[in-house]
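K.L.:
Sequence:
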Amino acid sequence: MGFYGKRLAAFVFVPLVALGTACSSDDDKGDKAGNAAQSPAANSPAPSSAAASDAKRLTAEQLKAALVTSAELPGYEVATGSPEDDGTGVETSDKPECQPLLQLIAADKEHMPNESASAGATKADNSSKTTYWLALGQFDGDKAEKLISEVQDSLTKCTSQFVGTDEEGTKTEYTIQDSKKLGYGDDSLTITYGMDGEPWTLSFVRSGPVIAQGTAISFDLEDTAPADPVMPEEMMRAQYDKLVKAQKG
Numbered sequence: 024m025g026f027y028g029k030r031l032a033a034f035v036f037v038p039l040v041a042l043g044t045a046c047s048s049d050d051d052k053g054d055k056a057g058n059a060a061q062s063p064a065a066n067s068p069a070p071s072s073a074a075a076s077d078a079k080r081l082t083a084e085q086l087k088a089a090l091v092t093s094a095e096l097p098g099y100e101v102a103t104g105s106p107e108d109d110g111t112g113v114e115t116s117d118k119p120e121c122q123p124l125l126q127l128i129a130a131d132k133e134h135m136p137n138e139s140a141s142a143g144a145t146k147a148d149n150s151s152k153t154t155y156w157l158a159l160g161q162f163d164g165d166k167a168e169k170l171i172s173e174v175q176d177s178l179t180k181c182t183s184q185f186v187g188t189d190e191e192g193t194k195t196e197y198t199i200q201d202s203k204k205l206g207y208g209d210d211s212l213t214i215t216y217g218m219d220g221e222p223w224t225l226s227f228v229r230s231g232p233v234i235a236q237g238t239a240i241s242f243d244l245e246d247t248a249p250a251d252p253v254m255p256e257e258m259m260r261a262q263y264d265k266l267v268k269a270q271k272g
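In terms of the working numbering, the sequence shown opens at residue 24 and continues consecutively.
It is worth saying that the hints were derived from the structure and are not from the lab.
Cβ coordinates follow ideal geometry from the N, Cα and C atoms, glycine included.
Warning: the hint list may mix true and false statements.
[Said to hold, decoys possible] Restraint ranges, calculated between C-beta atoms of paired labels, are given here:
| id | residue 1 | residue 2 | range |
| --- | --- | --- | --- |
| 1 | 241 | 198 | 16 to 26 Å |
| 2 | 190 | 151 | 31 to 41 Å |
| 3 | 151 | 115 | 29 to 39 Å |
| 4 | 179 | 115 | 13 to 23 Å |
| 5 | 151 | 218 | 16 to 26 Å |
| 6 | 242 | 200 | 28 to 38 Å |
| 7 | 119 | 164 | 18 to 28 Å |
| 8 | 179 | 131 | 42 to 52 Å |
| 9 | 119 | 85 | 17 to 27 Å |
| 10 | 165 | 82 | 13 to 23 Å |
| 11 | 183 | 272 | 38 to 48 Å |
| 12 | 245 | 180 | 33 to 43 Å |
[To be verified] Result set (EDC-like, lysine to aspartate or glutamate): computed pairs, CA atoms no more than 16 Å apart in a straight line:
| id | residue 1 | residue 2 |
| --- | --- | --- |
| 13 | 146 | 257 |
| 14 | 203 | 243 |
| 15 | 180 | 201 |
| 16 | 132 | 189 |
| 17 | 152 | 243 |
| 18 | 118 | 173 |
| 19 | 194 | 221 |
Work out the full structure: start from the sequences and follow the hints.
P.N.:
Structure below.
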């Protein structure tokens, strides 16, 4: 799909291996002119929903250029990746009302974007073993709007544990531990899944036909490491702001 799917954690954008084998630092591309400006502060006024709804579609190259870089994230090194999708990882819920929640992390083809781009950010000083993953997925028509709407509706109906089964018959027990809106974009949502008891938090913000996704994965194996590292709000906002700027361009 180009979104990070569940495979990133054991994400529906691009598997971790794609970033590991096809990534390059934004600093290596001479990407200076378009990336010199700093993003607005996280608490700055969000573009109006109407403006975002009128956002134009982007080409594959424009979508990739709309990813945040080290210029927008001081103190971080950012590497972009080329999405690869082998079509695996689809899961089916034992409860139909919970299926939309799986379309965010283990989607079928109908719920995958047509164009996608992704990047990973790490602390430049190596002070943290957490990697922050960002992805942009562009959908046809109103599919992006419908996807988020279906998920929001599912959150009101899927109120107990459910089981997802993949194409190989492997089962995962899920709960929704927390969910909230971010307060900007056409739609936004942060969800904390419990997967076999382990928490995993993902954030989604829609601007017209594009959904921006963010999550964090810790590679710290120490017992003191956070069980569920979370994408910083200012990082997610910086990605949204750059996406909107690209769509207005």
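K.L.:
Compare the structure with each hint and give your call.
P.N.:
Verification of the supplied hints:
With their beta carbons about 20 Å apart, residue 241 and residue 198 fall inside the hinted range of 16 to 26 Å. Taking 31 to 41 Å as the suggested C-beta distance range, the pair residue 190 and residue 151 conforms, at roughly 35 Å. At about 36 Å, the beta-carbon gap between residue 151 and residue 115 stays in the expected band of 29 to 39 Å. As the Cβ distance of residue 179 to residue 115 is approximately 21 Å, the hint placing it in 13 to 23 Å holds.
For residue 151 and residue 218, the Cβ-Cβ distance of about 23 Å falls inside the hinted range of 16 to 26 Å, so the restraint holds. The beta-carbon spacing between residue 242 and residue 200, approximately 22 Å, falls outside the hinted interval of 28 to 38 Å. In this structure, residue 119 and residue 164 meet the distance hint of 18 to 28 Å, their C-beta atoms being roughly 24 Å apart. At about 22 Å, the beta-carbon gap between residue 179 and residue 131 misses the expected band of 42 to 52 Å.
About 37 Å separates the C-beta atoms of residue 119 and residue 85, a value inconsistent with the hinted range of 17 to 27 Å. For residue 165 paired with residue 82, a C-beta distance near 20 Å keeps the hint of 13 to 23 Å intact. A beta carbon spacing of about 45 Å between residue 183 and residue 272 agrees with the range 38 to 48 Å that was offered as a hint. Checked against the given bound of 33 to 43 Å, the beta carbons of residue 245 and residue 180, roughly 39 Å apart, stay inside it.
A C-alpha spacing of about 15 Å is found between residue 146 and residue 257, which places the hinted pair at or below 16 Å, so the restraint holds. For the proposed pair residue 203 and residue 243, the alpha carbon gap of about 27 Å is over 16 Å, so the pair is violated. The hinted pair formed by residue 180 and residue 201 meets the criterion: a straight-line CA distance of about 14 Å does not exceed 16 Å. A distance of roughly 14 Å separates the Cα atoms of residue 132 and residue 189; the hinted pair therefore holds under the 16 Å criterion.
Restraint check for residue 152 and residue 243: satisfied, since their Cα atoms lie roughly 5 Å apart, inside the 16 Å limit. The suggested pairing of residue 118 with residue 173 holds, with an alpha-carbon distance near 14 Å, which does not exceed 16 Å. Of the supplied pair hints, the one linking residue 194 and residue 221 holds, its CA atoms being roughly 14 Å apart against a limit of 16 Å.
Hint violations for this structure: numbers 6, 8, 9 and 14, all remaining hints satisfied.
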